[in-house]
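Enquirer: Just so you know, we're using the numbering used here here: the sequence shown kicks off at 499 and counts up by one.
Heads up, some of the hints might be wrong.
To be verified - Just the calculated beta-carbon pair ranges, DEER-fashion:
1) Asp647 / Phe562: 14 to 22 Å
2) Gly524 / Ser618: 15 to 23 Å
3) Gln516 / Asp587: 37 to 45 Å
4) Glu517 / Tyr538: 17 to 25 Å
5) Glu531 / Asp587: 16 to 24 Å
6) Leu598 / Arg504: 40 to 48 Å
7) Phe619 / Pro513: 15 to 23 Å
8) Thr508 / Phe654: 23 to 31 Å
9) Ala544 / Val661: 32 to 40 Å
10) Gly610 / Asp657: 17 to 25 Å
11) Asp539 / Met518: 29 to 37 Å
12) Glu622 / His600: 33 to 41 Å
13) Ala662 / Gly524: 30 to 38 Å
14) Ala509 / Ala593: 39 to 47 Å
Don't read these hints as lab results, they were simulated from the structure. In this text, a Cβ means the ideal position worked out from N, Cα and C, and glycines have one as well.
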Amino acid sequence: ELAALRVGGTADHVPTLQEMLHLVDGRVPLVVELKGTPGYDEGLVASVGKMLKRYKGKAAIMSFDHWLVRDFPKDAPGIPGGLTAYGKDVGLIEAHFAMLAHDIAFTSYAAGDLPNPFVSFVRERLKMPVITWTVHDQPAVDLTFRYADQMTFEGFDPDLVKVA
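Please construct the entire structure, taking both the sequences and the accompanying hints into account.
Expert: In structure tokens, the structure reads:
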């Protein structure tokens, strides 16, 4: 189905993960975000895990979906898995802490929701890397490098920003 979709009225199609892995060919590390629907996408983690095991470069997986994160250690062993997260309210923070029971290797957190107790704990106490998303401007860069380790960015050249 994905290959049938055309991009912007061109003959180009949205690449499958396998096509993207072949195109990148191990030249850069990849972080693949998984999104699924319970009841429809069982086996997603295992399928992606098999592809990434054969990838010649470094790769990691991450997801907002707690049901997928729970499958990372079992269905994609040896591939670093991360929690994609957001929010500052107590209910969300508690849910994020629960995901620490599932052997996550990093977290990717909404830049606008920094600082917060979860990010502080995983970064300072567990020494777990924290990536921010999605950084668009200098204030978000400043937050990132005060409270996190790296960023997912768009709309600017990261080599041209100031890191405090």
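Enquirer: Compare the structure with each hint and give your call.
Expert: Against the structure, the hints come out as follows:
no.: 1; hint: Asp647 / Phe562: 14 to 22 Å; verdict: 19 Å, holds
no.: 2; hint: Gly524 / Ser618: 15 to 23 Å; verdict: 35 Å, violated
no.: 3; hint: Gln516 / Asp587: 37 to 45 Å; verdict: 39 Å, holds
no.: 4; hint: Glu517 / Tyr538: 17 to 25 Å; verdict: 22 Å, holds
no.: 5; hint: Glu531 / Asp587: 16 to 24 Å; verdict: 23 Å, holds
no.: 6; hint: Leu598 / Arg504: 40 to 48 Å; verdict: 42 Å, holds
no.: 7; hint: Phe619 / Pro513: 15 to 23 Å; verdict: 37 Å, violated
no.: 8; hint: Thr508 / Phe654: 23 to 31 Å; verdict: 25 Å, holds
no.: 9; hint: Ala544 / Val661: 32 to 40 Å; verdict: 39 Å, holds
no.: 10; hint: Gly610 / Asp657: 17 to 25 Å; verdict: 23 Å, holds
no.: 11; hint: Asp539 / Met518: 29 to 37 Å; verdict: 18 Å, violated
no.: 12; hint: Glu622 / His600: 33 to 41 Å; verdict: 20 Å, violated
no.: 13; hint: Ala662 / Gly524: 30 to 38 Å; verdict: 34 Å, holds
no.: 14; hint: Ala509 / Ala593: 39 to 47 Å; verdict: 43 Å, holds
The structure shown violates the earlier hints numbered 2, 7, 11, 12.
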